[in-house]
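> Turn these sequences into a full structure, and let the hints guide you.
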Amino acid sequence: MTAVEVGTRIDLDNLPALSLGCTVFAGGGGGDPRIGELMAMEAIHRLGPVEVLPLEALADDDLIMPCGMIGAPTVMVEKIPNGAEGRVIRETYEDRFGRHVAAVMPFEMGGINGVLPVAWAAYAGLPLLDADFMGRAFPELQMLTPHLYGMSGSPAVITDERLQTIVFNTRDNIWLERLVRNCVATLGGSACGGLYPMTAGAARRPAITGTVTRAIRMGEAIRRGGEDPLSAIGQVAPLTRLGQGKVVDIERRTSGGFVRGSALVEGLAADKGRLFRLEFQNENLVVLEDGEPLATVPDIITLLDLHTGHGIVTEGIRYGQRIEIVAFPSPEVWTSAEGLSAVGPRAFGYDFDYVGVGVRHG
Amino acid sequence: MAEPGRLRVGIDVGGTNTDAVIVDDQAKLLAKVKHPTTSDVTTGILSALRLVLAQLDGAAAGISHVMLGTTHATNAILERRNLNRVAAIRLGGPATHSVPPLAGWPADLRAAISCGATIVDGGVEMTGEPIVPLDEDAVRRFLDEVAEQAEGVAISGVFSPVLSDQEYRVEELVREVLGDVPVSLSHEIGSLGLLERENACVLNAALVAVAARVTAGLGDAMTVNGISAEAYIAQNDGTLMSLDYVRRYPILTIGSGPTNSMRGASYLTGATDALVVDVGGTSTDIGILTAGFPRESSTAVEIGGVRTNFRMPDLVSLAIGGGTIVGPAGDDVQLGPGSVGYRLTSEALVFGGTVPTLTDAIVAAGRAHGIGDPSRTAAHERLLRRAVAASDARIEEGVDRVKTSGRELPLIAVGGGSGLIPDSLAGVAGVERPENYDVANAIGAAIASVSGELDRVFAYGKDGRDEAIAEAVRLARDEAIRAGADPGHVEVVEIEEVPLAYLTDPVARVRVKAAGPLKTH
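Protein chains in written order, with the numbering used here: chain A, 1 to 362; chain B, 1001 to 1521.
The set of hints was computed from the structure by calculation and includes no laboratory data.
A couple of the hints might just be wrong.
Just a few of them, taken from the derived set where beta-carbon distance is under 8 Å, the chain B residues facing chain A [what the hints assert, rightly or not]:
| hint | residue |
| --- | --- |
| 1 | H1097 |
| 2 | L1102 |
| 3 | E1125 |
| 4 | G1128 |
| 5 | V1158 |
| 6 | S1191 |
| 7 | L1194 |
| 8 | L1454 |
Note that CB positions come from ideal geometry on N, CA and C, so glycine has one too.
Right, here's the structure in full:
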């Protein structure tokens, strides 16, 4: 599997596939990509397709702009962005660094944020990098790969639909998370931002490459997969099936700027008699059976609609849904000791260690 | 001799036939009739009602309720006919400009409905605070521009389900500038999710004239036939609405047809878990009954290519039915997409017409008896045989798509065109063809539930959320019972909770709908 397909463009034909792929790789978080897809559709409709560029195609000193939305996706489905947020972030960085941005990059490849930067790239006439800093979706701003390499998220830029901008220069990335989270709450619960701006040369180590084209391939495979979406999905990324069932209880609460909660899934068919418990904080964190973990972060845990193979985001879980619980192996960078201390089960308050699904389920 | 005041009439208007039934207060079927749907629709209702009353001596005086299920609204949207021209106002700028109103609508539907759309500064945050002040001048300017064309106005504000003041204010401005034009407010129609709510709101505004014609037509048909009874129209969740309510929220009638046929199929067979295939003249709907009710779709529902967030039965719809026109396609056969619709009885081969249809195909195959003259199909034998095979394959595939497990389920075949369904299908535990299968829809309407709704803001306070929800449920149940539901059988159909984050104490807008069968005397 090559990491990069030369000459990929995102147009009105493959945009829905990208969006669909983002539901699978989000691990339940990042929000329904639909609103990002509609924004990108509108932008491509007006200004034409977006070129997807491998990181190798950029010179070392080219400036890249990692960007996305921050906050509650449930707010963004009401208070949809203005559309000029990407331009404001770009102009702020260009002022700051005294040079042009060479490419736009999604900082998170899952949910809304895998699609939203496509709109901003189209409006700016810039290419989109085939890479991101998470390889999935995560809830906090220190959960990006550059943080593991000691790189700073500052200067970070936050802007809202009123096109107010706030630039953050923080002591460290934990402060960045804290200050941005407060600021986003004040702006109404969701905002747009640029984080960890850097040159292409600096991005070569932390970037997880090939994730945009992989999401497109995933979406296309599901759309072609017809009656058997699961095997189509398994052909694009290594997939572990954890169980099949029906959602029998769902509990969600918003606290500290996150949606936390759990779902109970009663086994069906071959899994009849089993009971799974899924716990999430924006993203799916763990799947438990009889109190024992079947899979944990940073592996990507996704609920797939049994019939269509579409990924279900945590806010879309409903009583009665028939689903398949699956997991994909985490991007390698997160399974190092430093990676696990940032995004492993203990980082989310669990009293057990990470064991990869590949190891646990052979 | 009918007992006074204990009879109910169920009417179903389909694309091909208008069916009417009379049932007693035990929901026992006393009379039924099928009559071709007329192009003006109303005449068909009137005639069907007259014919079904004629089967039962003195029935008119004994009718207490008339329930109508109709596809008027769905068809108006699908066919882009009889729709009001709507001016769409979104209160949300400077937010929301990245996805304008009516984005992603099919171009022809948009052309048929929209006479202009705008985004003005306004809307509120999830806290209820204004995003920016409402730009009333911009609203007035827009209304002046569309004054000549607008036959309806749809007003949708960001976070209006949380705080709806601005939508009401803009309604006042519409009254000032345009006078008495129908207005739809998004917070009365949908829940959170601006685009889906706005879409539903615009479609609702476009259907006001259709709703006025249907309700007036039903009223006339009842008067002419000497019926003075309560009239209701069925909505998408299988409950009934008063005519007043339909005039304000016509969009809610969409999807009632499949719900009625599935509830009717359940009633006719006593089955509570089964596949239901309803074959009409122009289309076939395949759904699943779970515990006697249609399984609802978990994904967003598209109406005529427009995404909305309604609760609808989870269906696979095929564009084939008894009236589907059959033609050659090279060496193969082409099914539809055209249908002779209500002209079946004049245009199909077996009725002496010249158009080969799927009805001709099943008559030729010996699957339907007593329909027209089978000998007239002889000249098209090969074509019709292929048509049956192609139709069987489509239905089998559709049935498989609806199922979510490998378990075999019984299949209930209903609808006037149900001869199209073969006796054995893969994954099906047997095909049941109940007596009166052809009027399942109308029976479903006649036995539909009456409902009560409550929509109120609750402070959760010291008693907490559970107490507040319990109170809301109790009030909605009372409302349903007041509307005539049997107190012993009222169930909660829907609970929706929108937290109002702008107040420091936990406060939420709670919407509860309860419904039950009509109380018998």
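> For each hint, tell me whether it holds in the structure or not.
Here is what the structure says about each hint:
With its C-beta approaching chain A no nearer than about 5 Å, H1097(B) sits inside the 8 Å limit, and its interface hint holds. With its C-beta approaching chain A no nearer than about 12 Å, L1102(B) sits outside the 8 Å limit, and its interface hint is violated. Below 8 Å, beta-carbon pairs count as interface contacts, and E1125(B) has one with chain A at about 4 Å; its hint therefore holds. Violation of the interface hint for G1128(B) is found here, the shortest Cβ-Cβ separation to chain A being roughly 11 Å, above the 8 Å cut-off.
Because the closest C-beta pair between V1158(B) and chain A is about 5 Å apart, less than 8 Å, the hint holds. Taken as an interface hint, S1191(B) does not check out: its beta carbon lies about 10 Å from the nearest beta carbon of chain A, beyond 8 Å. Annotation: L1194(B) was flagged as interfacial toward chain A, and the flag holds, the nearest CB pair being 5 Å apart, inside 8 Å. The restraint placing L1454(B) at the interface with chain A is violated, with a minimum CB-CB distance near 21 Å, outside the 8 Å limit.
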